[in-house]
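Undergrad: Following the hints, put chains B, C and D in place on chain A, whose structure we already have.
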Amino acid sequence: MSYLTDSPIDQPALVARVMRSSDGALALFAGVVRNHHQGKSVESIFYECWRPMAEKEMAKIEADVAAAYPDVAIAFIHRLGLLQVGEASIVIACTSPHRDEAFAACREIIERVKQTVPIWKREKGPDGEEWVGWQGN
Amino acid sequence: MSYLTDSPIDQPALVARVMRSSDGALALFAGVVRNHHQGKSVESIFYECWRPMAEKEMAKIEADVAAAYPDVAIAFIHRLGLLQVGEASIVIACTSPHRDEAFAACREIIERVKQTVPIWKREKGPDGEEWVGWQGN
Amino acid sequence: MKVRLLLFAVLRDIVGTDERELEVADGSRAIDVWNGLRAAHPRIASYERPPFTAVNQDYVQPETMLRDGDELAFIPPVSGG
Amino acid sequence: MKVRLLLFAVLRDIVGTDERELEVADGSRAIDVWNGLRAAHPRIASYERPPFTAVNQDYVQPETMLRDGDELAFIPPVSGG
Numbered sequence: 001m002s003y004l005t006d007s008p009i010d011q012p013a014l015v016a017r018v019m020r021s022s023d024g025a026l027a028l029f030a031g032v033v034r035n036h037h038q039g040k041s042v043e044s045i046f047y048e049c050w051r052p053m054a055e056k057e058m059a060k061i062e063a064d065v066a067a068a069y070p071d072v073a074i075a076f077i078h079r080l081g082l083l084q085v086g087e088a089s090i091v092i093a094c095t096s097p098h099r100d101e102a103f104a105a106c107r108e109i110i111e112r113v114k115q116t117v118p119i120w121k122r123e124k125g126p127d128g129e130e131w132v133g134w135q136g137n
Numbered sequence: 001m002s003y004l005t006d007s008p009i010d011q012p013a014l015v016a017r018v019m020r021s022s023d024g025a026l027a028l029f030a031g032v033v034r035n036h037h038q039g040k041s042v043e044s045i046f047y048e049c050w051r052p053m054a055e056k057e058m059a060k061i062e063a064d065v066a067a068a069y070p071d072v073a074i075a076f077i078h079r080l081g082l083l084q085v086g087e088a089s090i091v092i093a094c095t096s097p098h099r100d101e102a103f104a105a106c107r108e109i110i111e112r113v114k115q116t117v118p119i120w121k122r123e124k125g126p127d128g129e130e131w132v133g134w135q136g137n
Numbered sequence: 001m002k003v004r005l006l007l008f009a010v011l012r013d014i015v016g017t018d019e020r021e022l023e024v025a026d027g028s029r030a031i032d033v034w035n036g037l038r039a040a041h042p043r044i045a046s047y048e049r050p051p052f053t054a055v056n057q058d059y060v061q062p063e064t065m066l067r068d069g070d071e072l073a074f075i076p077p078v079s080g081g
Numbered sequence: 001m002k003v004r005l006l007l008f009a010v011l012r013d014i015v016g017t018d019e020r021e022l023e024v025a026d027g028s029r030a031i032d033v034w035n036g037l038r039a040a041h042p043r044i045a046s047y048e049r050p051p052f053t054a055v056n057q058d059y060v061q062p063e064t065m066l067r068d069g070d071e072l073a074f075i076p077p078v079s080g081g
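Protein chains in written order, with this note's numbering: chain A, 1 to 137; chain B, 1 to 137; chain C, 1 to 81; chain D, 1 to 81.
Pulled out of the complex, with its shape left as it was, chain A reads as follows:
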């Protein structure tokens, strides 16, 4: 199953992938395009990705988090391409018999995605477009 999609994320389908009758807790996180960033107005964000390496890194994240929290079922997906304000760029669903592990796994996944998965965003606002973060000099 791919961790990447070019279409709007189907959140109920993602949740359905992880829900087991032994689960008492679902922790879900969605990253959403917001209308501002560091004081600037944002209209849309383009997500670029190095797909083969991103898939590899995301599989590594899933394997590590699954090993750390063996009772947790995990599903997460990142959307690519042009997203408007209010659209979800990533959705992470973690279920578990108890809530502690579901929360912890969900949190760890988003932190690790933001650290290592080769995805970059270019923000578009009223003053034009620009890559977010490091831009050289």
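Simulated from the structure, these hints should not be mistaken for lab results. Any given hint could turn out to be false.
[As the list claims (entries may be wrong)] Facing chain A, a subset of chain B residues (Cβ under 7 Å, in silico):
1. ARG17
2. SER21
3. SER22
4. ASP23
5. VAL32
6. ASN35
7. GLY39
8. PHE46
9. PRO70
10. LEU80
11. LEU82
12. VAL85
13. GLY86
[Stated by the list, open to error] Quick look at which bits of chain A chain B covers, simulated, 3 or more residues with Cβ under 8 Å:
14. 32 to 40
15. 85 to 99
Cβ atoms here follow ideal geometry from the backbone N, Cα and C, with glycine treated the same way.
TA: Below, chains B, C and D without anything else, positioned relative to chain A:
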């Protein structure tokens, strides 16, 4: 808006109540009826509630968490009556410009609901029904 | 004076009533009402204090003095969520 | 020997190419290729080390020795999620 419902929880509607265009993060928690509890098989759970005090306690929780995390939009609802395995008893949706506060607020709400809101569950399994937790002698 | 006693969930099942008008002496505390219930119901006889106590829908200590017209509730440990 | 160089996002825009076949000397390290790019592109000239380096789709230190046929990527700080 009531914090209690006798019908299946409409999760997309709950999320829609909190989503603002300034939000970059949605943290959602769902408590779900699971098929086991302390080694025993569970088929369904009946949720009893003292409604006026529950509404009051839940409003207090919302006010306290909103004060602690002023950037977070909060919506949560608890379902009452007879629920089958896999059905959500509570759904909490918290949105925020940044994820830290959304996660923290969501977590705090579920912890406080479990401490003070006058709701009690009676589990039904293959061996009959029984109140969960304290039962006198 | 009169208070209204409310019982829920397992406590209601143990005592056999969900709601009862009580005539109590002036100066009675919530714990005095609890002690009356304990005396009549073996399953709670060993509990010197009720799990939780609410007066007029606020959690209070069981030593709280009751006033005429109060709504007193003894609440089993909650298990929602 | 030959390596394939991949560049993404802002680094691709700065260098002006997303993919390039390079002929490099035996014993070259990833950082040597980076230094070649720095010499040609003022916007990255002051960066003695690339933000991130991957060889064959694994993150590595820029001092990693290259081998014939390697796929070398310089990766701007990621901003997904």
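Undergrad: Just to make sure I understand the rule, a stretch counts as covered if three or more of its residues have a C-beta closer than 8 Å to a C-beta of the chain. Does the segment 85 to 99 of chain A meet that for chain B?
TA: holds (count 6)
Undergrad: Taking the least C-beta to C-beta distance, is B:VAL85 closer than 7 Å to chain A?
TA: holds, 5 Å
Undergrad: Double-check B:ASN35 for me: the hint is only fine if its C-beta lies closer than 7 Å to a C-beta in chain A.
TA: Cβ of B:ASN35 sits 4 Å from chain A, so the hint holds.
Undergrad: So, as I understand it, the hint says B:SER21 touches chain A; can you test that by seeing if any CB pair is closer than 7 Å?
TA: holds, 4 Å
Undergrad: Does the nearest C-beta of chain A fall within a distance shorter than 7 Å of the C-beta of B:ARG17?
TA: violated, 14 Å
Undergrad: Does B:GLY39 pass the interface hint, meaning its C-beta sits closer than 7 Å to a C-beta of chain A?
TA: violated, 12 Å
Undergrad: Taking the least C-beta to C-beta distance, is B:SER22 closer than 7 Å to chain A?
TA: holds, 6 Å
Undergrad: Quick check on the hint: B:GLY86 CB to chain A CB, less than 7 Å?
TA: holds, 6 Å
Undergrad: So, B:LEU82 near chain A? Judge it on the closest CB pair being under 7 Å.
TA: With a minimum Cβ separation of about 17 Å from chain A (threshold 7 Å), the hint on B:LEU82 is violated.
Undergrad: Can you take a look at whether the segment 32 to 40 of chain A is actually covered by chain B? Rule is 3+ residues, C-beta closer than 8 Å.
TA: holds (count 5)
Undergrad: With 7 Å as the cut and Cβ atoms as the points, is B:PRO70 at the interface with chain A?
TA: Violated - the Cβ of B:PRO70 stays beyond 7 Å from chain A, reaching only about 16 Å at its closest.
Undergrad: Would you check whether B:LEU80 satisfies its interface hint, that is, whether its CB is within less than 7 Å of any CB in chain A?
TA: violated, 17 Å
Against the hints set out earlier in the document, violations occur for numbers 1, 7, 8, 9, 10, 11.
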